[in-house]
Amino acid sequence: MSAYLGQIYAIVWKDLLLELRTRERVVAMGAFAVLSAVLFNYSIDRTAVRPQDIGAGLIWMTIVFGGLLGVGRTFHLESEDGAFRGVLMSPVPKDAIFLGKTLSNFVLLYVVSLLIVAVFMLFFGMEIGTSPAVLGLVLALGTLGFVALGTLFAAVSSGTRMGETLLPILLFPVLLPMIVAGAGATGTLLAGRPVSEVVGDIRMLAAFVLMAVAAGAVLFRFVVED
Amino acid sequence: MSGVGVARAPASESPESATAAPALEARGIVREYGPVTAVAGIDISLQRGEFLTVFGPNGAGKSTLLGLLSGALRPTRGDVFVNGTRLDFGGVDWRHDVGVLSHQGFLYAQLTVEENLRFYGRLYGLRDLDRRIPERLADVNLGDRSHSFVGQLSHGMRQRLALARALLHDPDVVLLDEPYTGLDPSAAAVLRGVLTGLKDGRRTVVMVTHNLGEGIALATQLAIQVRGHFAWKGSREDVDVADFERLYHRVVEGRA
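Residue numbers (my numbering), protein chains in the order written: chain A, 104 to 329; chain B, 1386 to 1641.
No lab work stands behind these hints: they were computed from the structure.
Be aware that one or more of the hints could be misleading.
[Claimed, not checked] Quick list of the computed label-pair ranges, beta carbon to beta carbon:
id : chain 1 : residue 1 : chain 2 : residue 2 : range
1  : A       : L322      : B       : Y1418     : 16 to 26 Å
2  : A       : V130      : B       : D1555     : 34 to 44 Å
3  : B       : H1595     : A       : L322      : 35 to 45 Å
4  : B       : G1598     : A       : A134      : 47 to 57 Å
5  : B       : E1520     : A       : T125      : 24 to 34 Å
6  : B       : Y1418     : A       : T125      : 30 to 40 Å
7  : A       : A317      : B       : S1571     : 44 to 54 Å
8  : B       : G1426     : A       : A134      : 50 to 60 Å
9  : B       : G1426     : A       : V321      : 31 to 41 Å
10 : A       : E183      : B       : Y1418     : 21 to 31 Å
[Unchecked claim] These stretches of chain A come out as covered by chain B in the derived footprint (C-beta under 8 Å, 3 or more residues):
id : segment
11 : 115-125
12 : 177-184
13 : 187-195
The structure presented is a predicted model; accordingly, all values stated were derived computationally and were not measured.
The beta carbon of each residue, even a glycine, is placed where N, CA and C say it ideally should be.
So that you can see chain B by itself, here it is in the shape it has in the complex (with noise of 0.2 Å):
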């Protein structure tokens, strides 16, 4: 069997700030691809219940960024902490506390709804899969179709359905990347509902967007990234959401 070994946070740290480790911590994290830097030293903290949206133009690293918040990315450089424990690539223990919503939705066409959540559940050693799949399908308005076939539904509800199974484990730390792209404004709705219900105070999200609207509406702090760095970031509370389009704008091209 693999080993499960963890490393918590530096034993630099004193114990008071170990219990009150960030749900979320990046330090300095590069990913590198040869000779283009994707990921350029990024440093994020967020606490329980925060909600991060980042913005930014396309290849400027977003989606490597949430990689390597989940795990499904080593970095070059740099260390990712979820709940004051380093992510630890020959264990497994703390990716009971991270759920990702892909570009690519990980399910099986071939499989039914309700399959697709069982095996995932199995996966995740969850015992009351009996209980919490029609639970989660009913959050995400797919409750009348656990017998469907995953490649027999619409993009949208594919959508929600790996919302379903990314949730599916009820876990810290939610992960999101493009969530809206390709929806229809009903299914953006049901999604919409489904993201304000993770701002339990209890959940920390990521969530990586080209939706200004959206992104600003639901987040506690914003982060505009560009060619692989934070170019900007700051409080919900201290943005103009009226001028934010702007000042996208003038960080994107450099003017600010």
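Just chain A, with the same shape it has in the complex (with noise of 0.2 Å):
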């Protein structure tokens, strides 16, 4: 066991610090988080819809359409110098290299969510609420189940021609669940309610990721081997 947390380890270490090096996908991330937090800021008409009521729709709008850009990148760089063939030869489990590409991914992911987040209420002039643990927590399962579906799908998608058009449309239909249950719950954090009204969606948000990541580590090994 010791052995295949050490292999995790070493995936998740590499697409770090490969991400240090290079920031290609937080920046890409970041940038388009405050852009869109600016568009949205200039085309809501606020006498019309109080931007606290569509607030948390648009925060996690933003999450899965700049979460993408991150993702659909995963094994960009491992397509150089056929890198990635090299990990795939080595005696790792292939559901290992799953779950060490969805880890880093969601470390990348989240912190991109919780700046989301203050740009947001920068703009919109929402308050925290009174749970923003809880707030943080619903974050954090909403973008692990994310990068959990979005790391398998770009598996699929980064060997083909279109894989960049392929994988929204693979991700977004199943996503669906989580968007609803984490955009409601954030939008009841947000308004300050308390958390006793959250419970059933952080339920279906881990119900979404328990899913997501065994379903990713079982099929992974079918999509990148040969």
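Put the two chains together into one complex; each comes in its own frame, and the hints tell you how they fit.
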């Protein structure tokens, strides 16, 4: 088991080190988040709709679209010099590769999702609510579910000519339950309502994460093997 | 976790033959890409210490053959055994016994030389990386470049680093695909020294190359692959080195 965890750690360490060196994914996702918030800010008629009524939905749409920019490039650096083939030919179970890449994607997207919430609060004048820790948990579950399926489908689409087009077409329909629960819980928490009102949404998000991670771990080998 | 199941050689073999199983064996391996047959039924049986060099024209299926022997590609038909263990694509244990130097280096340009080796060392579960990495880098004359980014290395240096990566886990079976391609004489000499060092009686090597001189110098077995199959094979001792180039052309042109 320790060898298995060591292999997952190696993949996370390598992915985060590459991102630290290139900054290509975090910068793209972060810039997208800020620009989206600015555009939403100017495109909403505040006399017709209160920003806090639609803020949670906009936050989650920004996480999903911004996350797509990062997750979609998961295998970009891997394709240079055949590096991913080297990983596949090493004695690492394919599910460990999947879990490692999912975890590194999660770290990156979670940081960006916190930035997105902060930017929207700034532009839309929203309050953090009374339970910031629970809001952090909701964002963590949502982004983990997103990157689990995103990593799996990025592996599917990376080998195709229409990869960047194919990824959202594959991914968005299966994300629907997560977005509904995530946006619902976020809206409730940002409105300062009690945590007891979001327990159902959190359970839904946790179930979605379990399903997404398990499906990805099982199916990943069929996607990447010859 | 994925299964790590392995399949030993068929039970019909006697226990004696199982203990003396070839280090690398291919039984009638075929690889088809739709209507194209890249490897058309090749048998290989190499004991420990043997060094097989495979020559052949472009498009003969040599790289595909190495892909099949390394487990990177799944045979359409036939089986490959490493130390008597059939390559099982659901398992991973046998991958500890195989090292591959491909056309591509499997290296990350944005990581340093040392970071690349440390990453692969962790994937192979190696515990003594602080000792092993400097040793491997010294073997390929890159001891002073451990903190250089791979993207800043010359082609020859990258090729030597790729060889250090392939040998990092001390594999029993080493597969080399065109290792001399694009190397200057100095880099080729370093590579020759490392490959000569592989002839330690313990390792089994298969090398694919167009370089007749280098290939013959290192080999104990030779083969010429044409249109997916071994059109000729023999022992190095049976070959007249001076006449081998003529033999090669006769075989490739179908006159032998």
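Discussion item. Range first: 24 to 34 Å. Now tell me if the beta carbons of E1520/B and T125/A are that far apart.
Written reply: Distance hint for E1520/B, T125/A holds at roughly 30 Å.
Worksheet item: Residue count check for the segment 115-125 of chain A against chain B: does it reach three with CB-CB under 8 Å?
Response: holds (count 6)
Discussion item. Against the range 35 to 45 Å, how does the distance between the Cβ atoms of H1595/B and L322/A compare: consistent or not?
Written reply: With a Cβ separation near 40 Å, H1595/B and L322/A satisfy 35 to 45 Å, so the hint holds.
Practice prompt. Indicate whether the distance between the beta carbons of E183/A and Y1418/B respects the range 21 to 31 Å.
Written response: holds, 24 Å
Worksheet item: Do at least three Cβ atoms from the segment 177-184 of chain A come closer than 8 Å to Cβ atoms of chain B?
Response: Check passed, 3 qualifying residues.
Worksheet entry | 8 Å C-beta test of the segment 187-195 of chain A against chain B, three or more residues | holds (count 8)
Worksheet item: Lying within 16 to 26 Å: is that true of the beta-carbon distance L322/A to Y1418/B?
Response: The hint (16 to 26 Å, Cβ to Cβ) holds, given that L322/A and Y1418/B are roughly 24 Å apart.
Worksheet item: Regarding Y1418/B and T125/A, is the given constraint of 30 to 40 Å on their beta-carbon distance met?
Response: Between Y1418/B and T125/A, where Cβ atoms are some 34 Å apart, the hint holds.
Worksheet item: Falls inside 34 to 44 Å, the C-beta gap from V130/A to D1555/B?
Response: 40 Å Cβ-Cβ, so the 34 to 44 Å window holds.
Discussion item. Does the beta carbon distance between G1426/B and A134/A stay inside 50 to 60 Å, or does it fall outside?
Written reply: Given a distance of about 55 Å, which is inside 50 to 60 Å, the answer is holds.
Worksheet item: Is 44 to 54 Å a correct range for the gap between the Cβ atoms of A317/A and S1571/B?
Response: holds, 53 Å
Fill in: C-beta pair G1426/B, V321/A: status relative to the range 31 to 41 Å that was hinted
holds, 35 Å
Taken one by one, the earlier hints all hold for this structure without exception.
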